[in-house]
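Build out the structure end to end from the sequences listed, making use of the hints.
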Amino acid sequence: MRTTLNEDLAGRFAGIALGHVTREYPNKLTHGLAGPEDARTPSALHPVFYGSFDWHSCVHAYWMLAHLLRRFPDMAPAAAVRDLFDRQLTPEKIAGECAYLAQPGARGFERPYGWAWLLKLAAELDGLPDMPWAGHLAPLAEAFVQRFRDFLPKATYPVRVGTHFNTAFGLRLAADHAEATGDAAFLALLRDTAERWYGNDEDCPAWGEPSGDDFLSPALIEAECMRRLLPRERFGEWFDRFLPRLATAQPMPLFRPAEVSDRSDGKIAHLDGLNLSRAWCWRALARGLPAEDPRRALMDRVADLHLAAGLPHVAGDYMGEHWLASFAVLALEAGEA
50 MRTTLNEDLA
60 GRFAGIALGH
70 VTREYPNKLT
80 HGLAGPEDAR
90 TPSALHPVFY
100 GSFDWHSCVH
110 AYWMLAHLLR
120 RFPDMAPAAA
130 VRDLFDRQLT
140 PEKIAGECAY
150 LAQPGARGFE
160 RPYGWAWLLK
170 LAAELDGLPD
180 MPWAGHLAPL
190 AEAFVQRFRD
200 FLPKATYPVR
210 VGTHFNTAFG
220 LRLAADHAEA
230 TGDAAFLALL
240 RDTAERWYGN
250 DEDCPAWGEP
260 SGDDFLSPAL
270 IEAECMRRLL
280 PRERFGEWFD
290 RFLPRLATAQ
300 PMPLFRPAEV
310 SDRSDGKIAH
320 LDGLNLSRAW
330 CWRALARGLP
340 AEDPRRALMD
350 RVADLHLAAG
360 LPHVAGDYMG
370 EHWLASFAVL
380 ALEAGEA
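Each residue of the sequence shown is one higher than the last, beginning at 50 in this note's numbering.
It is worth saying that the hints were derived from the structure and are not from the lab.
Beta carbons: idealized from backbone N, C-alpha and C, even for Gly.
Any given hint could be a false lead.
[Stated by the list, open to error] Beta-carbon label-pair distances, calculated as ranges:
hint	residue 1	residue 2	range
1	Asp342	Ala364	30 to 40 Å
2	Thr297	Asp132	14 to 24 Å
3	Ala298	Glu86	15 to 25 Å
4	Ser313	Ala125	23 to 33 Å
5	Pro188	Arg350	38 to 48 Å
6	Ala346	Pro254	15 to 25 Å
7	Pro85	Pro254	48 to 58 Å
8	Val210	Glu251	16 to 26 Å
9	Pro85	Asp252	52 to 62 Å
10	Arg136	Gly261	17 to 27 Å
11	Asp232	Ala340	42 to 52 Å
Right, dumping it as structure tokens:
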């Protein structure tokens, strides 16, 4: 039976996130110092997103909380989530995040992973009616949209790694914000960039997967990016060329869950995330094919295999606990999240 998100599981995931989004330490800052005055604590630098070990993990924990609140408004931790958002997503604190972003040394801050997650959070908050949080976050979201607008036209090449710098992941999440806000020009920029970077790719070997600290499959997230941005017929043609041997479970590395040898090692723990993000991509890609396509059954089976490998490990050691639940929700809500 396919594992799905229910209210009990949503409450569990929300409880995990509530336990770390305001936990300031341990903390891994991405921060440049222009002088001694820049040596400040995480919460002084980032009035909202100072918890969860690092800025981007805190952002996508907020996204997960917003998504779970929208899907299950009566879940047990719902009041705590609303209270958190009321305390943290204020105009004053968002202005502090914008001020950090405006510093000359922050030009490449969190590009593109954190950019994309912030926009996905903004899109999710738009789906919560009668709440002020989306409006409060809007100036920060627009700052990141502008960063995409400035960066993408001059980015000659994509980045195809399985970590935070992957550009397909950035385009994929940014597309949700462009669509939610009706920003047709931004969506067109994302689509044109995806075509320019990936449109001619074919017969993907996936020979380097997985790398030792991947939490994304470079092959599958590229395919998911193209599914999200291309018209359905155009995607089908592209996908047939990109993974032409999929029906025979090739290339094999994409079909075998990653083994995780040490969950206390932050880099090795990424591989639990790889299993969850692969489950997300396989499920979403299957939905992008016609209902009668025989490959869908195979893709759903391999998605379930990866989900089963990753889902038991969303909590335990903090190296995974501060971020894995977000990717579990992506996998469980593929087609919805």
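Practice task
Note whether the CB distance of Ala298 and Glu86 lies within 15 to 25 Å or breaks it.
Solution key: Cβ of Ala298 to Cβ of Glu86: about 56 Å, so the range 15 to 25 Å is violated.
Exercise for the section: For the range 42 to 52 Å, tell me whether the beta carbons of Asp232 and Ala340 fit it or not. Expected result: Violated, at about 31 Å.
Practice task
Could you tell me whether the CB distance from Val210 to Glu251 stays inside 16 to 26 Å?
Solution key: Check passed, 20 Å falls within 16 to 26 Å.
Problem - Verdict for Arg136, Gly261 (Cβ pair) under range 17 to 27 Å - result: The hint (17 to 27 Å, Cβ to Cβ) is violated, given that Arg136 and Gly261 are roughly 39 Å apart.
Practice task
Determine whether the Cβ-Cβ distance between Asp342 and Ala364 falls within the hinted range of 30 to 40 Å.
Solution key: Between Asp342 and Ala364, where Cβ atoms are some 36 Å apart, the hint holds.
Handout entry: Pairwise beta carbon distance, Ala346 to Pro254, judged against the given window 15 to 25 Å
Key = holds (24 Å)
Exercise for the section: Could you tell me whether the CB distance from Thr297 to Asp132 stays inside 14 to 24 Å? Expected result: violated (52 Å)
Handout entry: Arg350 and Pro188 - C-beta distance against the hinted 38 to 48 Å
Key = holds (45 Å)
Exercise for the section: Just tell me: holds or violated, for the beta carbon distance of Ser313 and Ala125 against 23 to 33 Å? Expected result: Given a distance of about 29 Å, which is inside 23 to 33 Å, the answer is holds.
Handout entry: CB-CB spacing for Asp252 and Pro85 relative to the 52 to 62 Å hint
Key = At 54 Å between Cβs, range holds.
Handout entry: Outcome for the supplied range 48 to 58 Å, where the beta carbon pair is Pro85 and Pro254
Key = With Cβ atoms ~49 Å apart, the hint holds.
This entry does not satisfy hints 2, 3, 10 and 11, going by the numbered hints stated previously.
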